[in-house]
Each structure stands twice: as C-alpha cells, then as structure tokens.
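Peer 1: Protein sequence lines, in the order shown, are assigned to chains S and Y.
Heads up: the first sequence begins at 1 in my numbering, then just goes up one per residue.
Heads up: the second sequence begins at 1001 in my numbering, then just goes up one per residue.
Hints were generated in silico from the structure; no laboratory data involved.
Predicted model only: the values in this text are computed from it and were never measured.
Where is the CB? At the ideal position from N, CA and C, for every residue including glycine.
Some hints here could point you the wrong way.
What the hints assert, rightly or not - Sample of chain S residues lacking proximity to chain Y, with all beta carbon distances greater than 10 Å (derived):
1. Ser19
2. Gly93
3. Glu94
As the list claims (entries may be wrong) - What follows is a set of in silico ranges between Cβ atoms, one per label pair, in the way DEER data are often shown:
4. Y/Ser1222 to S/Pro75: 39 to 47 Å
5. Y/Pro1108 to S/Gly93: 24 to 32 Å
6. Y/Asp1278 to S/Gly3: 45 to 53 Å
7. Y/Ser1243 to S/Gly52: 45 to 53 Å
What the hints assert, rightly or not - Derived, one-sided and incomplete: chain S residues facing chain Y with beta-carbon distance under 10 Å:
8. Val8
9. Glu13
10. Glu15
11. Pro24
12. Ser32
13. Arg43
14. Trp45
15. Cys59
16. Thr91
These are the residues of each chain, in order.
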Amino acid sequence: MSGPYRLVRARPEPEFEISVDGAPVAVVPGQSVGAAMHGAGIRSWRTTRFGGRPRGLYCGIGVCFDCLVTVNGVPSLRACLTEARPGDLVTTGEAPAPSGAGGER
Amino acid sequence: MTRIHDLAVVGAGPAGVAGALTAALAGLDVVLVDGAGRPGGQYFRRPAEGFHAARPGALHHGLDRFTRQWEALRERAEVLLSTRVWAVERADGAITVRCLEGDREERPRTVTARGLLVATGAHDRPLPFPGWDLPGVLTAGGAQALLKGDLVVAGRRVVVAGTGPFLLPVAAGLADAGAQVLGVHEANRRFGLARHPLLAAGRAAEALGYAARLARHRVPYSGREAVIAAHGETALTHVTVASLDAAWRPLSTRTVECDTLACGYGFVPQLDLPLQLDCATRRDPDGGPVVAVDAGMRTSVPGVYAAGEATGVGGAALAEVEGRIAGRAAAADLGRPTPPDPALSRRRDRLAAFARALQGAYPLRPGWQDWLRDDTLVCRCEEVPLSAVREAQAMGAVDARSVKLLARPGMGWCQGRMCGYAVACLVGEDPAPPRRPIAQPVRLGDLAARARPAPDGRKTSSEG
Ligand SMILES: Cc1cc2nc3c(=O)[nH]c(=O)nc-3n(C[C@H](O)[C@H](O)[C@H](O)COP(=O)(O)OP(=O)(O)OC[C@H]3O[C@@H](n4cnc5c(N)ncnc54)[C@H](O)[C@@H]3O)c2cc1C
Ligand code: FES
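With the sequences and hints as input, model every part of the structure.
Peer 2: Below, the structure written as structure tokens:
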C-alpha cells in the first residue's frame, strides 16, 4: 500500500476511469480531476495564451486558475476543484481569456 | 417568499463551523455555505469518502473534535456544501448571498439572512522567481491540500521552501507519506519563534516536534536559504537554492535536482465578500489588509461578522475561538441571552498575540526582488514580466493601480490573488484591499439571468 494510504489506513473503493486527452486515468471515488491527473504523473496540461507556457496544478485550492481543463465539453473548469465522475472526458489545451470572471477593480 | 435565516455563515473551516454551531446552539436559525464538497476548510481538509480512511486524523491534530462540531451543526442548521458564494449584498437590514451550486453545473441559488459571518480563510502567498510557473512548482498549501484531501503525494523528490512554521508540517507530511524531501529552506532564521519569550513555552514545542519528525526522515532544515529559481522545459527538473543575507539577497547558490517544489511565504486572507459590503479593513503587522473587527468580531457594517484568517492570519486554533466569539455576538445582537465569557476572550487575545509574534518572527524581506530577472513573470495569468512592470513605472505609473492599467498584472483569471502582494512590493506599497465585485467565476448566462437593477438602483454587471 502506498505511503499516504498507509498513513491514514485507507481502504479505498475500487477505482474508476476517466479519459484525459484520450488516455485512461484511474480515480479513487471522490478525488478531483486535477489530483487524479497529478497523481498519474500528468503534470503539465495547459499552455498559456501568449507564451505557450506549460501549466498544471499550482495552488491546489481553486484560486490560481492555472489548472483549467475542459470536462465533457464544459470549458475552463478548475481541475483541482472538480470532482471526477466515472467516464469523464477531460481535454486540455489553451484556456480562453477570462470572460465572466471579471477583473479586480 | 424566500426564507430569511437569522445568520448565514460562509466557510466551513474551523472558524465558520465553530461560529455556526455556537449561533445555532444559542437559538439562531443558521445556514452555512461552503464551495468545497467536504467540510473542514484548509486545516481540517480530509480525504475523500471513497478512501474510507480509518485514521484521517493522522494528518492533522484535533480532527475528531472538529468532526463532532460538524455533526452537531448538521443537526441544528442548514448546510450547503459545493455551493460557492460569488456576491453578497445588503439592503434593508437583510443580506443576500448569491451562490452557485455544484462544482461544474453552476445552478444559481440565493440565500437570505439577517446577519452574515464571513469565515472564508486565506490562500497561500507566493513570491515570484524565475520559473515559478513551471508545472511541478506548487504552493506549500497546495501540496498539503493534495495530500490531505486526495491522498496524492505532490512528488517523488521534493524541495520545500518559503518562510514560516507552516513549512514544517508540509515537509513532515510529505516525508511521512513517502516523498523524498530533499530539504526545507526557511528564508528567515529557523525556529524564529522559539526565541520569542511569549512563545518559548507554547507552540514552539509543536515546531520542535515537526523538526524531530524531519530529522527522523533525514530531511535537512536550513535557515537563511531560499529557492530563487526553478528550471525545466515542460516541468520542473531542478531548482537553484541560495543562501541569503538578512535582507534575503542571494549570497551563494547551488543546484538541486527535484521533480517538485512546494513553496509558500505565508497567507493572504480572502476578503472579497467583506469588501463587497464595504467592511472597514486594517493592516496586519505584515502590511496586508484584513477585516477590522471589534471584541465581538463585528465588522464596521451592522450585522456582518468576520472570523478566522479573514481578520488576520493566525491558524486553526485562533480561527475556532474567533468563530465562537462571532457566533455569540450574532446571537446577542439578535436578542438571544448570551452570558459573557471572559475566558474565551482572553484565549483569543493570547492566540492573537501569538499570531502577531509569529508574523514578526517570519517577515518578508525585500531582497526577494533581486531573485527576479527582466523576463521573470510577475503575473502568471496575464504573463506580465518584470520588465513590463518597470516599463509602466518608467511611463509614469506611480502606484500598483496604474501599473495594472498599463501592464495588466492582476487582470487575469486569478484577479490578482497570486501576484497582488508582489506587485505592491515592486512599486513600494502595502497591498491594497482587493476590490472584486465577483468573488468566484460566473458564466455569463448565469449573470445575465439576474442582471436586474439592484434595490438601490445600481445595475449588477459583469464588467471587471
Ligand atoms: C491551501 C492551504 C492549506 C493549509 N493547510 C494547513 C495545514 O495543513 N495546517 C495548518 O496549520 N494550517 C494550514 N493552512 C492555514 C489555514 O489558513 C488555517 O490553518 C485554518 O484553516 C484557517 O481557518 P479558517 O476557518 O479561517 O479558514 P479555512 O479553513 O480556510 O476555511 C475557509 C472556508 O471558506 C470557504 N470559502 C472561501 N471563500 C468562499 C466563497 N466565496 N464561497 C464559498 N465558500 C468559500 C473555503 O472553501 C473554505 O472551506 C492552510 C492554508 C491554505 C491556504
Ligand atoms: S491549482 Fe490553482 S486553481 Fe486549481
């Protein structure tokens, strides 16, 4: 059993699969899309608008917006906040400019 | 007719849950709202149910106590999880809390209450350095959240850097969970707090406990050191560690190979909601704005209370005490009998003094600005390099606000949450209270559905 599971004496439910850009990623029920990707070794999954720079998880709690993904066609979801559901189709790539978010004033 | 609660609480961390429970026990009709799917906030973040963790408390002290409070609260109050608050408004003595339900669906939902307790906590405070946006570089809190909430170890070979005692539980947790922690680099002195007379007896022991755990895992803990650059093509491969002088200017450097860096320079309180209501702020000892409150955790706006990190960064124990005080004040203000509890107030004063001393022991020194190069991104979202900030200043921008108008730092997705502190420092200001009319992203359709004139005639819009 891996380190963190042993630490909290976890007896995880059977994993389910999601697809990330076509590749299967295993998820323990309740994990976020971003945690499952990071745990599976997928570290960078989006490129920035101007510099094409790679991004992945940064803040882990939904404040930095680096981890944006598209899930089942819904764009600009924060992977670190979105709980994975069996069969989710996750696609990565360039995130659009913020629209409804509104800037800081 | 929508139901009007006595008290709406935003935040299911230690402050919000203690506040909601105290108010409910005093007889108030309470509704508690949190954007996360599970209660606990940052400190009491616990593994997803699917793990069936028999010892979730292995990752934090006091989880059992928090869980009892949560169970007691659920019997006495309405709790709305996975419900993000994006705006609060106050009119005619009632507060309207505008929410979106669901982590991807975004069903609009409105909660109305006579009073509001803001317990929205904080987020990590990053400092920029070359390469800080490479995948594999995480905030210290982010690494901790991955571990506590998803049982994912942030990396195999991990470097921990930043300032403050929070680095120690982060490093110890990672090491306990099987990561090879190559070093903890504290930019100030190590055990800065142990030297403070007020602290020597108290929580210094806790820090020493973590240090012992690190020693067991053979993790070096060094003072006056920082990671001043991160390197790699598509993800982190190595970092530059520097020894620092007292002002944090690099003295000498070395390279450390690693796949992950967990880095944090303290916390920034989340003030979006109280600022939407024009609650007065004051400066914490580190110069950052926090909500100003009286001895009952009342803000300057009648019926609005704040507790936890939003009133000054002080950790989970202080947050809980403040929550209880706020819950009592809310009950008293609505006419419920609440006998005074001087012991509780004394406890708050003690813990708050401790928090101030901690901030004093782990200040941020200006030498970090020497870590930046011209092309170092200051703002990750809008990809604004240091040179663009300097150009804006050369064009006559004298403050953070005008730098923002010219060079766009803070205008992107995160609304300045990640770069706000650094930009303020670069222009020589204390960070200003952030004005974010929309605290959480809202799809335009949802906004349009309610873009009707507000009671005072203003029109709500999505303009930033
Ligand atoms: C990522 C991270 C990890 C941390 N880990 C630790 C740790 O391991 N140990 C430690 O001692 N300290 C940790 N801290 C410090 C932490 O701030 C305090 O320990 C403590 O959790 C503060 O309690 P609180 O009740 O004030 O706020 P929090 O515990 O932060 O709770 C705030 C709650 O408000 C909710 N919220 C915020 N805004 C909204 C909104 N607009 N709508 C709906 N809900 C909202 C959040 O989802 C959260 O659940 C961490 C901080 C961060 C940022
Ligand atoms: S990692 Fe920061 S928003 Fe998801």
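Peer 1: Taking the hints in turn, state whether each one holds.
Peer 2: Here is how each hint holds up against the structure:
1. Ser19: Its Cβ never comes within 10 Å of chain Y, the nearest being 16 Å, so this holds.
2. Gly93: About 14 Å separates S/Gly93 from the closest Cβ of chain Y, which puts it past 10 Å; holds.
3. Glu94: holds (12 Å)
4. Y/Ser1222 to S/Pro75: 39 to 47 Å: holds (43 Å)
5. Y/Pro1108 to S/Gly93: 24 to 32 Å: Holds - the Cβ-Cβ distance for Y/Pro1108 and S/Gly93, about 28 Å, lies within 24 to 32 Å.
6. Y/Asp1278 to S/Gly3: 45 to 53 Å: holds (48 Å)
7. Y/Ser1243 to S/Gly52: 45 to 53 Å: violated (34 Å)
8. Val8: Since the shortest Cβ distance to chain Y is 4 Å, the answer is holds.
9. Glu13: holds (5 Å)
10. Glu15: Since the shortest Cβ distance to chain Y is 9 Å, the answer is holds.
11. Pro24: Since the shortest Cβ distance to chain Y is 17 Å, the answer is violated.
12. Ser32: holds (6 Å)
13. Arg43: Given a least distance of 4 Å, the restraint on S/Arg43 holds.
14. Trp45: holds (8 Å)
15. Cys59: Since the shortest Cβ distance to chain Y is 5 Å, the answer is holds.
16. Thr91: Hint on S/Thr91: violated, closest Cβ of chain Y at ~14 Å, above 10 Å.
Taken one by one, the earlier hints fail for this structure at numbers 7, 11 and 16, listed in ascending order.
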